[in-house]
Amino acid sequence: MADFSVTTRESNPVTIVDIKGYLDAHTAPDLEKVFNNCIENNKFQIVVNFKDLIYISSAGLGVFMAYVETMREHKGDIKFAEMNKNVYDIFDLLGFPLLYEFFEDENEAIKKFIG
Amino acid sequence: MKTKSRNRELIVKSSTKNLSKIRNFIISAAKDFNLPEEDSGKIMLSVEEACTNIIKHAYKDNTDGIITIKLNILPKQFEVIIEDNGIHFNPNNIPEPDIEEYHRQKRFGGLGMFLMKKLMDKVTYKTLSNGINTLKMIKILS
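Chains A and B, in that order, are what the protein sequence lines are. Residue numbers for the first sequence follow the numbering used here, so the first one is 658 and each next one is one higher. Residue numbers for the second sequence follow the numbering used here, so the first one is 699 and each next one is one higher.
Chain A extracted, bound-state conformation (with noise of 0.2 Å):
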């Protein structure tokens, strides 16, 4: 069994990546895969959907801090939505929410990019 799949879905403009599993060290690459892919089709607008990520490590939360001054400086951003709070907790406990935006519902986070 896999530890952990991305897979991505359209809503334009707004790119919605739904993670699945444990993201830790290991799986990391490949999340980082999936954000060069959405550089390279020049998709800024990201929305995560966390709702089936059942852990993540610092190496997960690396790769959010590694794409998301690219993605701001294309007038974009990575929102996170439908959280669980485990998973929340160890975001919370790295300081994201002062810099991040958090959703419950994965379409109010489309709208913010909508407006």
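There are no misleading hints in this set.
Cut-off 30 Å, straight-line C-alpha distance, at most; resulting in silico cross-link-like pairs (DSSO-like, lysine-lysine):
1. B/Lys758 with B/Lys820
2. B/Lys837 with B/Lys711
3. A/Lys677 with B/Lys729
4. B/Lys719 with A/Lys708
5. B/Lys729 with B/Lys834
6. B/Lys754 with A/Lys677
7. A/Lys677 with B/Lys837
8. A/Lys677 with A/Lys768
9. A/Lys708 with A/Lys732
10. A/Lys690 with B/Lys754
11. A/Lys677 with B/Lys711
12. A/Lys690 with B/Lys711
Calculated from the structure, these hints are not laboratory results. Predicted model only: the values in this text are computed from it and were never measured.
Please build the complex by placing chain B on the supplied structure of chain A, with the hints as guidance.
Just chain B now, with coordinates in the frame of chain A:
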């Protein structure tokens, strides 16, 4: 019924492929002793962060290194001892980061250490005379 051992050991190669095996080792021990989910989650993440640091920094991503994880499960505390014989690296010498500054500078290394110190009650590190690096972490059980 078989007695559940309070002392356990897992030996793995220094590959990130083994992180899931390491998580399962912690979870299985935590379940055997009915640890609260909150505690077992914190221990699991701290152990994984420590092992990731060993893989990246002590063994520089060389997957032939050996990581030994020993558990000593006492009624009121959960002790983890992690050993490697890679490059000496003292996590306690790293100052606690200002998180906002961290985000501004895009310095995303060192977060694992920060988490370990936040999530565990005691983190100590020493290098033995035989060159083995020993990291000991203690979680007081709630």
